Amino acid sequence: MFTKTILLIIGAFIVSLPLSAETLVRLDEHGTVLAGAAVAWTEEGSDSVVFTLGAGYSSGQIAAQLREKLSGISADVIDAGNVRVSGLAAQELYARLSFIELKPAENLNLDMNAVAVNLPSNPIAELPDGSSSIRATEMQIAASDLGSPEKSFEGVVVEVKREKDFPFATVFVKITRLPELKEKPHTLLKAGESYLLHPFMLLKNSKDGMKTPDWSNRESMANVGVWHMKPGDVVTGEIMGENSDGFNVRYVVVKK
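Note that numbering that gives the first Met the number 0 gives residue 148 to position 149 of the sequence shown, counting from 1, and the numbers run on in steps of one.
It should be emphasised that the hints constitute simulated quantities derived from the structure, not laboratory data.
Note that the coordinates shown come from a computational prediction; the quantities given were computed from them, not determined experimentally.
Keep in mind that the hints are not guaranteed to be accurate.
[To be verified] Computed cross-link-like contacts, BS3-like style, restricted to lysine-lysine with a CA-CA straight-line distance of at most 25 Å:
1. Lys181 with Lys68
2. Lys203 with Lys102
3. Lys181 with Lys163
4. Lys102 with Lys189
5. Lys181 with Lys254
6. Lys254 with Lys173
7. Lys163 with Lys189
8. Lys160 with Lys210
9. Lys102 with Lys255
10. Lys254 with Lys150
11. Lys229 with Lys150
[Unchecked claim] Computed beta-carbon distance windows for the label pairs:
12. Val76 with Leu201: 32 to 40 Å
13. Ser73 with Asp244: 31 to 39 Å
14. Lys203 with Glu241: 24 to 32 Å
15. Pro148 with Leu187: 26 to 34 Å
16. Asp213 with Glu100: 21 to 29 Å
17. Lys254 with Ile99: 17 to 25 Å
18. Ser73 with Asn242: 45 to 53 Å
All C-beta atoms, glycine included, are put in the ideal place defined by N, C-alpha and C.
Build the full structure now, drawing on both the sequences and the hints.
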């Protein structure tokens with residue numbers, strides 16, 4: 000294994016490195032799980048995952064935040080660096096966790112007398128077998144990956160209406176920019192008006208016979224974010240047609 004080692008030799012003092020809020024894991028546009036506050040994870044069964052936390056994160060603090068922010072799950076401390084989360088199917092759990100920011104410990108204190116940082120020359124190749132999805136690169140589902148720019152509108156979230164079960168939600172949006180394409184259904188939108196938008200969600204049958212989102216579908220994965228929107232968010236999307244009380248939308252996402 001070829002590695003480059005950087006030795007940082009600095010006087011005897013402590014440097015405080017504050018960490019920003021981070022999601023436990025991330026998902027790329029294909030639904031692949033990527034590292035966040037957790038640097039590794041192991042599925043113990045259909046509804047239990049053990050997460051190994053990165054430096055600067057306390058398992059006790061993370062478990063407490065998860066119990067507070069996620070209903071229907073249990074989060075248990077295994078040791079200082081590992082948390083077990085159970086109660087949801089793994090793919091649904093990953094999707095929900097990818098939108099929930101968690102606060103790290105107050106500060107990460109490093110003794111900088113002698114710090115050795117090992118940088119692999121090929122990080123992906125040197126990961127353990129089966130863990131090639133664990134990368135520190137953030138990949139978001141952007142509007143440009145979902146539809147044609149000339150069909151997109153922009154607006155501001157007025158209200159989010161969440162159903163009982165995650166991730167089903169609708170959203171009231173006030174339109175601020177109309178689509179460039181001048182044909183139906185896009186011409187039905189009026190600037191300054193607010194509409195109730197119904198995001199597209201492809202469903203499939205779970206092992207229990209329940210209807211659940213198909214996480215392999217790009218639009219469904221993007222529309223999970225509607226559940227976490229809040230008033231004032233600037234969003235962009237594409238309508239598909241009229242609904243009895245608004246419009247069906249192919250996607251609607253927070254504008255980056």
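Right, here's what the structure says about each hint:
1. Lys181 with Lys68: Given pair Lys181, Lys68 is violated - Cα atoms ~42 Å apart, limit 25 Å.
2. Lys203 with Lys102: The given pair, whose Cα atoms are some 34 Å apart, is violated under the 25 Å limit.
3. Lys181 with Lys163: violated (37 Å)
4. Lys102 with Lys189: violated (40 Å)
5. Lys181 with Lys254: With Cα atoms ~22 Å apart, Lys181 and Lys254 stay inside 25 Å; holds.
6. Lys254 with Lys173: With Cα atoms ~14 Å apart, Lys254 and Lys173 stay inside 25 Å; holds.
7. Lys163 with Lys189: Outside the cut-off at roughly 31 Å; violated.
8. Lys160 with Lys210: Holds - the C-alpha atoms of Lys210 and Lys160 are around 20 Å apart, at most 25 Å.
9. Lys102 with Lys255: holds (22 Å)
10. Lys254 with Lys150: holds (15 Å)
11. Lys229 with Lys150: holds (24 Å)
12. Val76 with Leu201: 32 to 40 Å: This hint holds: roughly 36 Å between Cβ atoms.
13. Ser73 with Asp244: 31 to 39 Å: holds (37 Å)
14. Lys203 with Glu241: 24 to 32 Å: holds (26 Å)
15. Pro148 with Leu187: 26 to 34 Å: violated (19 Å)
16. Asp213 with Glu100: 21 to 29 Å: Since Asp213 and Glu100 have Cβ atoms about 26 Å apart, the given range 21 to 29 Å holds.
17. Lys254 with Ile99: 17 to 25 Å: Holds - the Cβ-Cβ distance for Lys254 and Ile99, about 20 Å, lies within 17 to 25 Å.
18. Ser73 with Asn242: 45 to 53 Å: violated (37 Å)
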